[in-house]
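Number of protein chains: 4
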Amino acid sequence: MGLKTKAEYIESLKKQKPVIYMYGEKIEDRVNHPLIKPEVEVGGLTYEIAHNPKYQDLATAKSHLTGEVINRFNHIHQNTDDLMKKVRLTRLLARYCICLQRCMGWDALNTLSIITYEIDRKYKTDYYERFVNYLKYVQKEDLFLTCAMTDVKGDRSLRPADQPDKDMYVRIVEKREDGIVVRGAKAHTTAALISHEIIVMPTRAMREKDKDYAVAFAIPVDTPGLKFIARSTVPREMRELDAPFRTKWGVTETLTIFDDVFVPWDRVFMCGEWEFAGLAAELFASYHRFSYCGCKAGAGDALMGTAALLAEYNGVEHADHIQSKLTDMACTAEIIYACGLAAAVRGRPMGPGTYVPDVTYSNIGKYVSGTHIYEEFLRIHDIGGGIICTCPSERDYLNPETKPYIEKYLKGKVGVPTEHRIRAIKLAEDLTVHGFAGWIMVASCHGGGSPEAQKLTIYRTYDWQRRKQIAKVLARIEPWERFPEFEL
Amino acid sequence: MGLKTKAEYIESLKKQKPVIYMYGEKIEDRVNHPLIKPEVEVGGLTYEIAHNPKYQDLATAKSHLTGEVINRFNHIHQNTDDLMKKVRLTRLLARYCICLQRCMGWDALNTLSIITYEIDRKYKTDYYERFVNYLKYVQKEDLFLTCAMTDVKGDRSLRPADQPDKDMYVRIVEKREDGIVVRGAKAHTTAALISHEIIVMPTRAMREKDKDYAVAFAIPVDTPGLKFIARSTVPREMRELDAPFRTKWGVTETLTIFDDVFVPWDRVFMCGEWEFAGLAAELFASYHRFSYCGCKAGAGDALMGTAALLAEYNGVEHADHIQSKLTDMACTAEIIYACGLAAAVRGRPMGPGTYVPDVTYSNIGKYVSGTHIYEEFLRIHDIGGGIICTCPSERDYLNPETKPYIEKYLKGKVGVPTEHRIRAIKLAEDLTVHGFAGWIMVASCHGGGSPEAQKLTIYRTYDWQRRKQIAKVLARIEPWERFPEFEL
Amino acid sequence: MGLKTKAEYIESLKKQKPVIYMYGEKIEDRVNHPLIKPEVEVGGLTYEIAHNPKYQDLATAKSHLTGEVINRFNHIHQNTDDLMKKVRLTRLLARYCICLQRCMGWDALNTLSIITYEIDRKYKTDYYERFVNYLKYVQKEDLFLTCAMTDVKGDRSLRPADQPDKDMYVRIVEKREDGIVVRGAKAHTTAALISHEIIVMPTRAMREKDKDYAVAFAIPVDTPGLKFIARSTVPREMRELDAPFRTKWGVTETLTIFDDVFVPWDRVFMCGEWEFAGLAAELFASYHRFSYCGCKAGAGDALMGTAALLAEYNGVEHADHIQSKLTDMACTAEIIYACGLAAAVRGRPMGPGTYVPDVTYSNIGKYVSGTHIYEEFLRIHDIGGGIICTCPSERDYLNPETKPYIEKYLKGKVGVPTEHRIRAIKLAEDLTVHGFAGWIMVASCHGGGSPEAQKLTIYRTYDWQRRKQIAKVLARIEPWERFPEFEL
Amino acid sequence: MGLKTKAEYIESLKKQKPVIYMYGEKIEDRVNHPLIKPEVEVGGLTYEIAHNPKYQDLATAKSHLTGEVINRFNHIHQNTDDLMKKVRLTRLLARYCICLQRCMGWDALNTLSIITYEIDRKYKTDYYERFVNYLKYVQKEDLFLTCAMTDVKGDRSLRPADQPDKDMYVRIVEKREDGIVVRGAKAHTTAALISHEIIVMPTRAMREKDKDYAVAFAIPVDTPGLKFIARSTVPREMRELDAPFRTKWGVTETLTIFDDVFVPWDRVFMCGEWEFAGLAAELFASYHRFSYCGCKAGAGDALMGTAALLAEYNGVEHADHIQSKLTDMACTAEIIYACGLAAAVRGRPMGPGTYVPDVTYSNIGKYVSGTHIYEEFLRIHDIGGGIICTCPSERDYLNPETKPYIEKYLKGKVGVPTEHRIRAIKLAEDLTVHGFAGWIMVASCHGGGSPEAQKLTIYRTYDWQRRKQIAKVLARIEPWERFPEFEL
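Protein chains in written order, with my numbering: chain X, 1 to 488; chain W, 489 to 976; chain F, 977 to 1464; chain U, 1465 to 1952.
So that you can see chain X by itself, here it is in the shape it has in the complex (with noise of 0.2 angstroms):
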């Protein structure tokens, strides 16, 4: 109760009856495709760690609700400290998986909790009291959430409701008794596949005519008129050798399809209340972004190895040039990171008291990690050289007529065998040739929202207006009196 294990996780997947696509098939079993399971293996990671003595006060939380031991996962921040603990337990596991997958989730009850609080302080509802239950279930059942936010748009350069087609955000197209319909879709949606439930929250800030758009709410991924096209990083045929990655972990992507969906009300948390949906939006890509500072350091740590394990096996790893990318590599990691810890420093409370680490290092946290991805790829590949695109396949290396010679002509330092290097340069090969090197980029480039939308946020949420009034008092425009303090 609480605390599920990997195989009541997986068991419980298997209860549920989502519709899926995938590359042209309706897909029955979702725990056993190929192409899921080792997605399935990232979700279970996230149980499976928290029943680890060594890890308990890092994957475990006391429920501030409850007091009962939880997933962390599942927990609402109370403090600094459990902000600190996110970004240490996002790298920890993203060591290992690159994409932790959990996090939406966590992400998305952390939003809701100030979201639910605040639209009742102005309307008098009782959304939030709605949350509390539906939390209290989704700790005690140890569910696995994801959260869909970005809807598909249409045409970008139209709000919601000016759009030809009405359906290019996700809206409300009728209010019952019992609850709501919703139609619409959301894009790139990661992970529903081996959710439990799907949290859905508005992508941006409304205006009044947009208010049918202002809608979040939470719906097992079983319910009826929910769809999901899905695509996944994992080729279909790989072996372990040549995917030691990929045979083991894997993401899933959907464009999630919402055909005239039923949400009864104790599942609905904004209906309407169209000022909320820019908070909502703002707050989930805060807490969004946070996480990207504590796993893009972790997957920083597995590239950064991959990179000096390829320098130590070709026997160049005292070049001087060497070290110094492998410490470019260490200085991006490092930064993502500290902007996290940072960030968890000078988090404040909101709403109920939910901790909320702050705008500015989430942001540029978020920024680093998006658009300095393509250089770590540039320093393993500089560093682990050409063949980590050349190099045959595991099934030449396994084919008695050519083994021979990958074996006597693929070796590097003396003393280590050929095949770990070939199984450090398929390493190589697997996080930066293929599909889910793509999808690390594009990843870590969109994911939280673009780049352009970190640099916006932070420009219209820092204080710029001090930052002039010190160079007035400098260019003696104002005088050294006006001492202007601000938060440090």
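Treat the hints loosely; a few may be bogus.
Listed next, the in silico DSSO-like pairs over lysine-lysine satisfying Cα-Cα at most 30 angstroms (straight line) [claimed, not checked]:
no.	chain 1	residue 1	chain 2	residue 2
1	W	K505	X	K37
2	X	K403	W	K505
3	U	K1872	F	K1151
4	W	K891	X	K15
5	W	K503	X	K403
6	F	K1379	U	K1691
7	F	K1151	F	K1100
8	F	K1203	U	K1691
9	U	K1630	U	K1673
10	U	K1872	F	K1384
11	F	K1384	U	K1675
12	X	K248	X	K403
13	F	K1142	F	K1185
14	W	K505	X	K408
15	F	K990	U	K1867
16	U	K1877	F	K1384
17	X	K6	X	K37
18	U	K1872	F	K1389
19	U	K1691	F	K1384
20	X	K166	W	K891
21	X	K62	X	K140
22	X	K403	W	K891
23	W	K891	X	K17
24	F	K1185	F	K1098
25	F	K991	F	K1038
26	U	K1867	U	K1877
Hints are computed from structural coordinates only; laboratory data are not their basis.
Following the hints, position chains W, F and U against chain X.
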């Protein structure tokens, strides 16, 4: 005679039976194999264009040996205009196939024209005559050549003769009356599968004790003992919409095995003259880095065109930051090309009058292309959006159950058919997400040598003395009269 | 006649009596004033080199009007070879004086040759004839010209005719029978103090209502009503060791006031033809940005020479990271120059046959120079060490009480006299620490327009349609047959 | 007692008579000398703020030795909160004076607290007791200390004992009963002229044969034999408008000569214990690089405030590219500060319980600050315009002949007084164009060691083994069970 058609080229490939392994299988029909066919298309393009009236001046040349019209890819550069046409031709073709693959043979021929001439000058040998005879044959038969350059190298801290396994660099194991026998392996040979012959050259400078490794020659791809373990950038099951690029164009790389291969004397162009190995490596590098100044600018055209098209289809092409990022892409491509033009204008004759592009500009152009491709990927992803990686596959688009959803929800700017938008997205995916994306990155980085190799070449060949003298004059350490003149 | 000596140039400057204010004083003797003399030296260099037999081909030309030998700085570019010589000449001179200052007049003359021709074509006016007569005079007298371009602009969000103060752009306030009267001010005019005449041109595109601002003309610097408020990069009290560069070479900038200045008709080259103001501004920008492709490469030679000399004197020139950073400096200078060479090779005739460099490459070269000078400063400081900024002054070196300490403690590599090391340090200080350093940075950044102006020009003039068409062909949105051809 | 006022500080400086040379003269009155006075103001600020009620918690501390309230600049860090306050305090002060100068003494005291303790542990010496007594005196008298670290080094390829001139590193030339005699020189000592005492420490790791160079001590600035050859960033004749920054604040650097200086035993803190020289250098570096994480963020506030003010006054603050560039400036400052916060949070006790900031984050913060200041200059120049460098001087503004022209023509946005715009321009000029600009760049780059020194430290102290182990696990070279745990 002298200008094969594409059909004749393909027909001629069929007559050879090289030993090819790929993904665990022995490949019998290289022309029609689904993983090689797209590369045959690229080879065919270099024949096709020579028959296109619009491009005759660019794609053909008059042989300086026979006066016959030949395919320019087998031409020895006679002046700076020939160099200029080389960068123009490579840019033109790379716009469509990204990597045109026939430049390696071209670069190797030009290198051999100088090296054989210079060895003869020192040793009164007859390599140049052999080379000229070979070249006439190549030009007359309009052969597609590639070049195998990079040895597998074993322990990179040891030079050829010092390796525990003596075969880590290709070497002469026997000299016979009728020729030589060679053993070893070359890594990442591009285009071997679609070539008629392969030119082999030393990959680095040698010492006297390495003289068995100072060897250059040319042999047909079906020479006994020659074996190719190949890999491809074309995935097995991609359909057209999912892979608009790769269903038409492709690249293969091979680990090329020389299993005691016999080479007759008239095909041997260096045999133990170790002092010339370094020059051969450097000249080939200069030529090949120069080729990158054209082809990577052409690849840049395709990449920025894709980004601009996505911006239009998404309806964001008028945003300032989009235009700024597109301009960054233009700058990168044009800096690379400007280095190509500068290298051509500053080209100089060597040996028998063969023109060599300027070493500084060739190296800078290649260096920029190899280190900036990653930034170009960032720009495409940033401009095009996360959908580049999360868009459902063609099979879902064609599945009547899911097509209506995709058609409805993935439309963009009013007036643009959803299919066009999806095609543009899939092109971006094809170029920047999957295996071909990895190949573009790694080949840009390491093709023609690593970025570090280019920096070293630039440093070593640059005139630092004269620049220090300028500083001495300005610092009054030396008098004004010692006005250092040098190459502008 | 046609080629003044340096002495004749200086003598001729004395004959004019322009109104100059600087640092609160009115300057009477511009030739011998300690803050202007170093700039006169720069002017003199452009005359001196024309008499140097080694550089006659580069520094002089044959007038296309008269066939006389003239200083190349007053020549109209007749072909791509003239363009090539321009980048070579500017690089050569800038190696010694950093900014050669005579390019502005040169660029303005070439611009006017086209603009006057084109206005005449439309309006049957006689501007071109006036211009040709003026040019003959300039060539015969070997005048030093500068160009005043940038208006003071007032509120930058308002266009000329919309400004509350109508004089924020230079304008025609009266048309008389014998000429026009102009009023306004131009900001940061370089080299006015050492010029014979000043050419004035519109700084931007105009609308019909701005037509009083569409004006171009040339006047002697001592024309009544013309006033210069100047500043200098030369400090007052620097001695030679402290300022090895600036004691010899310098630059001034002026705020140039047109206090109801009369211009006779034969010196008026545009007068209300507002449709041509934009073209004039763009052409001048292209020419001037092209000039930067030469001079900033030359400045780069001086900067990297200084860095290399310091590395030698400090005994660290063999460190890998030092060589790597020096190579970065070489790459920056050569990329700028490669853009210059490419712009020259791709130059095309306009108007009466005047050659214009390629707009894309001119702009990219300038853009790189303006944004990378800061990195060059980083490299020099990084390589040379903190002593560049903390070394005691010459006065302490000459003070017998302190000299022995400095002589003992500031020695570097064995065998290098302490004074040489100090001189090299002081050169670096002079170029990168004081006011001239600031000028180098700002002039690189904003000279010829801001980096943003260059990006806009590149974006607007680049052929995006053809590049999108490549993408359409690759994505199968358009058929292969529509093979878009375009300028290579 | 324990907290001097600014007036008392200045009074106390007058009582000492150090030997100072500057620009060829011997300086008698260091407090009122126009080139030193602005630096005295900076010193004064560190006393003034300790009496400001708003900042008592930040600017003062309770001595862990005596329990007395002391100036925080003489406090030994007792916990991570003390480290946090250090970055906050340095950022706050640097916003106004750019370089607060008192951090060096602070960093040296903290270093000595550990080093003396550790030497005692090994050798049963009594250095720590001496140090504690000295510290009590410093805290009680509220002394301003600086630290002389960098030796002049002579031939950089030779270590101390191998130099032809044995005095290239400060060394013990005699040990006497009452103390030691030292000889040598330290380069670029900041703030010596405004200090009461100077702490001397070894600049690098030593070998046994270098043991005479392993020496640390503290002496008053007027100790016999101690001589300062100084230079200043303050120009001689600047008035307020031309140099709004430097007329108030300034910095000096000295070549510090130890001409056989006697140091009594109670002021000697290391004397031949060569194994500890490296640790002393590394600890001081960590502390001082950590200080940069605060002060360079504060300098960044001033720089971006200046840029933002100019954007407002020029009327361009709403342009997208301006906001984007301002945001880049914010990102740089906040990345540096985030590294400071992270280094504080991850601080750990050493020796007697003195807290040391995390070495990785301290070094990355300093590295970013030293390599990105150049980009910050680019941003200011780009945003502010060429006028930053070409604006006429204050003297012309005050000259009645020229004032009306400047007043009229240099106005910007409607409603902003021309004088305000000129003041803001002059502030930008003062910070980024003249000698102080050079100092900011060089001090950012080399203060606390060169960027290369930071990269080396990061590489050497980073946990590469664990990261390679992650790669081995992912590549299946090692089994999953070997889940490497390490510091998050």
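Structure-based check of each hint:
1. W:K505 <-> X:K37: The hint is violated at about 42 angstroms.
2. X:K403 <-> W:K505: holds (22 angstroms)
3. U:K1872 <-> F:K1151: Judged against 30 angstroms, a Cα distance of about 24 angstroms means the pair holds.
4. W:K891 <-> X:K15: Satisfied, since the Cα-Cα distance of roughly 28 angstroms is no more than 30 angstroms.
5. W:K503 <-> X:K403: Holds, because 28 angstroms separates the two Cα atoms, which is no more than 30 angstroms.
6. F:K1379 <-> U:K1691: Holds - the C-alpha atoms of U:K1691 and F:K1379 are around 13 angstroms apart, at most 30 angstroms.
7. F:K1151 <-> F:K1100: This hinted pair holds, its Cα atoms lying about 19 angstroms apart.
8. F:K1203 <-> U:K1691: violated (50 angstroms)
9. U:K1630 <-> U:K1673: Since the Cα atoms of U:K1630 and U:K1673 sit roughly 12 angstroms apart, the hinted pair holds (cutoff 30 angstroms).
10. U:K1872 <-> F:K1384: violated (55 angstroms)
11. F:K1384 <-> U:K1675: holds (22 angstroms)
12. X:K248 <-> X:K403: Holds, because 25 angstroms separates the two Cα atoms, which is no more than 30 angstroms.
13. F:K1142 <-> F:K1185: holds (12 angstroms)
14. W:K505 <-> X:K408: Distance ~25 angstroms between W:K505 and X:K408 Cα, so the pair holds.
15. F:K990 <-> U:K1867: holds (27 angstroms)
16. U:K1877 <-> F:K1384: violated (56 angstroms)
17. X:K6 <-> X:K37: The given pair, whose Cα atoms are some 13 angstroms apart, holds under the 30 angstroms limit.
18. U:K1872 <-> F:K1389: violated (56 angstroms)
19. U:K1691 <-> F:K1384: Answer holds: U:K1691 to F:K1384 is near 14 angstroms, not above 30 angstroms.
20. X:K166 <-> W:K891: Status holds; Cα separation ~19 angstroms.
21. X:K62 <-> X:K140: Answer holds: X:K62 to X:K140 is near 12 angstroms, not above 30 angstroms.
22. X:K403 <-> W:K891: Measuring from Cα to Cα gives roughly 45 angstroms; hence the hint is violated.
23. W:K891 <-> X:K17: The given pair, whose Cα atoms are some 22 angstroms apart, holds under the 30 angstroms limit.
24. F:K1185 <-> F:K1098: At roughly 19 angstroms apart (the allowed maximum being 30 angstroms), F:K1098 and F:K1185 satisfy the hint.
25. F:K991 <-> F:K1038: holds (28 angstroms)
26. U:K1867 <-> U:K1877: holds (19 angstroms)
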